[in-house]
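Visitor: Join these two chains into a complex; the hints should help.
Listed in order, the protein sequences are those of chains H and E.
-11 is the number of the first residue of the first sequence in the working numbering; add one for each residue after it.
176 is the number of the first residue of the second sequence in the working numbering; add one for each residue after it.
Everything labelled a hint here was simulated from the structure, so no lab data went into it.
Just so you know, nobody snuck in bad clues.
Covered stretches of chain E, as calculated for chain H (at least 3 residues, CB under 8 Å): (1) 509 to 515; (2) 567 to 576; (3) 587 to 598.
Ideal placement from N, C-alpha and C gives every residue a C-beta, glycine not left out.
For reference, the chains in residue letters:
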Amino acid sequence: MMKKNLFKTGMLTAGLSAAICVTTASAQDIQAQRLYAQSLAATCANCHGTNGVSAPGATMPVINQLTSSAMYEQLQAYKTGARTGTIMHQLAKGYTDEQLKIIADVLGKKN
Amino acid sequence: MMNRRIFLGQSAAVAGLAMGVSTQTRANTLKTAQVVVVGAGYGGATAAKYLRLLSNNTAQVTLIEPNAQFISCPMSNLVVGGSRQIAEITSPYAGLEKNHGVKMVKDSVASIDATKKTVLLASGKTVKYDKLVLSPGIGLMMESIEGLDAANKAGVTLQAWKAGPETVALHKQIADMKDGGVYALSIPMAPYRCPPGPYERVCQVANYLKKHKPKSKVLVLDANQDVTSKGKLFKEAWAKMYPGIIEYRPQHNVTAVDAKTRTLKFDVQDDIKADVLNLLPLMRAGDLVVKAGLADANGRWSTVNYLNFESTKAKDVHIIGDSIQVAPLMPKSGHMANQHAKVTAAAIVAELAGIAINPQPVLTNTCYSFVNETEVVHVASVHQYVAAEKTFKTVAGSGGLSTAPTALEGVYAWGWAKNIWSDSLV
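Chain E with its partners taken away, still in its complex shape (with noise of 0.2 Å):
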């Protein structure tokens, strides 16, 4: 009975409908199907959510994650710069037992058998799946800097691209900082997770330092050619809000970290010296993927079938968020992962139900990023399946930029924060 409406309210809806829907007859296991989601952040809390929720709560879901509570790394780069705290971008898992009925079980996954269906958890328990769901997020690839591994446990450098214990520690580097210091941001070659995430943290941090340490400096290490997301944007405010604060550097690779002497090595160029180093190695599929062998592109992502993103390699095992090997021009984004999981749970249902699956899916993107504590540029898509190529395009005259900065794009920044939240978790 809970959410019945979205599944059923809607007959008037669907009437006038040409969908060109052909199904035929088959079993109907919906009830009796094991459905297990592994990883709730953007896409697998979403995945269950909507699991139950376009089953009319008939699918069993098992979801397991870890962390006792959500942290969301959209909005993470403000308690990077100290103007928001951590507590105001967390948020519990509790809505989706209570208002769902999601089975919530807090552990990880250490192996996965796609023969037998069953995963393996780090408490040595055994799950077994009918469909399995992955969404274990993205995986740092320490060792593609020399000695990243080591000056990460000396406590020298941070990475804080999943957010947590990490974010607020790196805020205490740069509030401890001296004046005069230099902050300093290494960009690996896309594609990472959040394509604009980095060039929102050097305006959150030349804020803070503007304010309070206003003779440091920021320094950013950009292994692209040039910055990757919302590039005219962003290089407009850097000049406008903090000139003489930051330097940009394109096609600095960095190789190697000292950590004793805290100098990078790159490529081509000298070595750099600076205050803190906050270092972003290559990306890959989450660690689960690639041990479980799903990670088919490069060793690094996982290719999936754009209807239902299941692997290519896996029966019955979908994979979403970032760990994808993405359409053209699709982000590794929450947002994304939101919609991969919407997509997802659709297709898992319509399967599991005897019934076709949706040969239009459509997904869409809507990143915000704040250029000081209150004023927001976007970006945004949408993403049509487009059958003839099997993949995802964005439509041509669809999508844009901001203009420019705007506090009620701020605003709006909040509320999608505070929906997508609800709509993933609650």
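So here's chain H without its partners, still in its complex pose (with noise of 0.2 Å):
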């Protein structure tokens, strides 16, 4: 499954017969992107459940329901100190504007 993929993703980035050297070239730069940005948004997983889902019956704030630019914008906020918390207001001051944004990108809702 993820092969084909890949390869799929890859082709589209990559243009039309490109070199097949150039193409997996091209396909491992997103695999490698698409690695980094799961394990960047794996850091919060620790408190609000693996890809942002909580486990039944834990008393954490819920973030599964946010878009991505609703998440980004609350992260932002923290960030800022335009909304202050218990401890996001301290976590996210640690991540660049670029890693926050992969990261609500990764774990925020698409529609």
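Guide: Spelled out as structure tokens, the structure:
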């Protein structure tokens, strides 16, 4: 499943009729970026659950109902100090804006 | 197909990244490589699960663990204090096999052959690996306190620093103590597992004694200069919640124990007698790591490359969790072990897939401590990899402490526990 999907994406990115080696490298770049994005978002999972989904009965604020843009806004609000909290205003300040964007894109609802 | 979404469903997310990934084509051995993980605590269990998740369930992962169930060290001080039962901090391992296809082997590792790339199990079986992840936790240096081994064997002293039967036994000793007795806790020089753990234990034991044996005392004998974590918050809680119960003595290094007379000896100070002796010796990497010759930092901890947690002494052997020589301000905690595991899993998947490992990993730490049965204080930090220094550093202006204990953070602490248990095991 993974290979097929990556290959397809690679083709799209690299454009049509590209040499095989170019397509492969490009697919690998995308695979690498996905991996980095997933592992970055996984830094949140200790408190908010794997892939942002809380375990049954876990008394932690639910985040997986937010859209990616709403999640990014909240993370930015914590980072700038516009929003206070018990711990999130301290953690958000440790990430770059780009990292917060990646996290929100991975964990937020897509539609 | 299991959890396919975590790896594949995010093409929109990565389209806009500018992470400057540059890779070259290398052999993809992800499907054929044998990845062996040793120890199913916060580090090892998480590593096994995320090796499967991040490889879209293609990596072959074996997890070797002698215990039948996971018993959490975080929250175990509540069991020592008697407000919670051990069953509430115990979780099954079944989810790793059922939900993620991790091959569980109930055994322990006797030795490692890093040249042949095999591990020898206690049962006599040999397991071959292409990548090995070691997460054996801590080893207790019993020899650092003269007479401790004998006192433990005589049933006089306990550590209860690895949650399990000792946790329950320590509560029983405290519950059996006469009203007016003394519970003594000795704390070794840092680094040790869970910096705020001893001070949380002080709160939990004092909470129990205040209710059930109010003439009793908690005597804290700390080898360190002062409280090593959340110092102001703990001292305020002790003074406010447990006046007259807790006596804190810094720079008290226990050097010997006499089991017969329940007497402690120190570097400098006069001997002390107590009724319950909870003595924590110096700590080092797990025995397996030490025996394998991988504890290269002072013979106690393992030096690793922080980009993939590979031992600097043995290729394809990755060491995570409490056993490593830490980066500045990096605590030895379950939360941190879980974070090490994810960086390591991603790096191993990348290496096996023939792509570059993440040049910019991030770690967080969140640690909640209960000052009574419901109120909690936290410390939190974010650690970014700094390529120029090849280490993790905390980000200036980030992280921090609670301002005071609250019940809200008590609710979040249980939320954290349930989610991290699930994130590591389910």
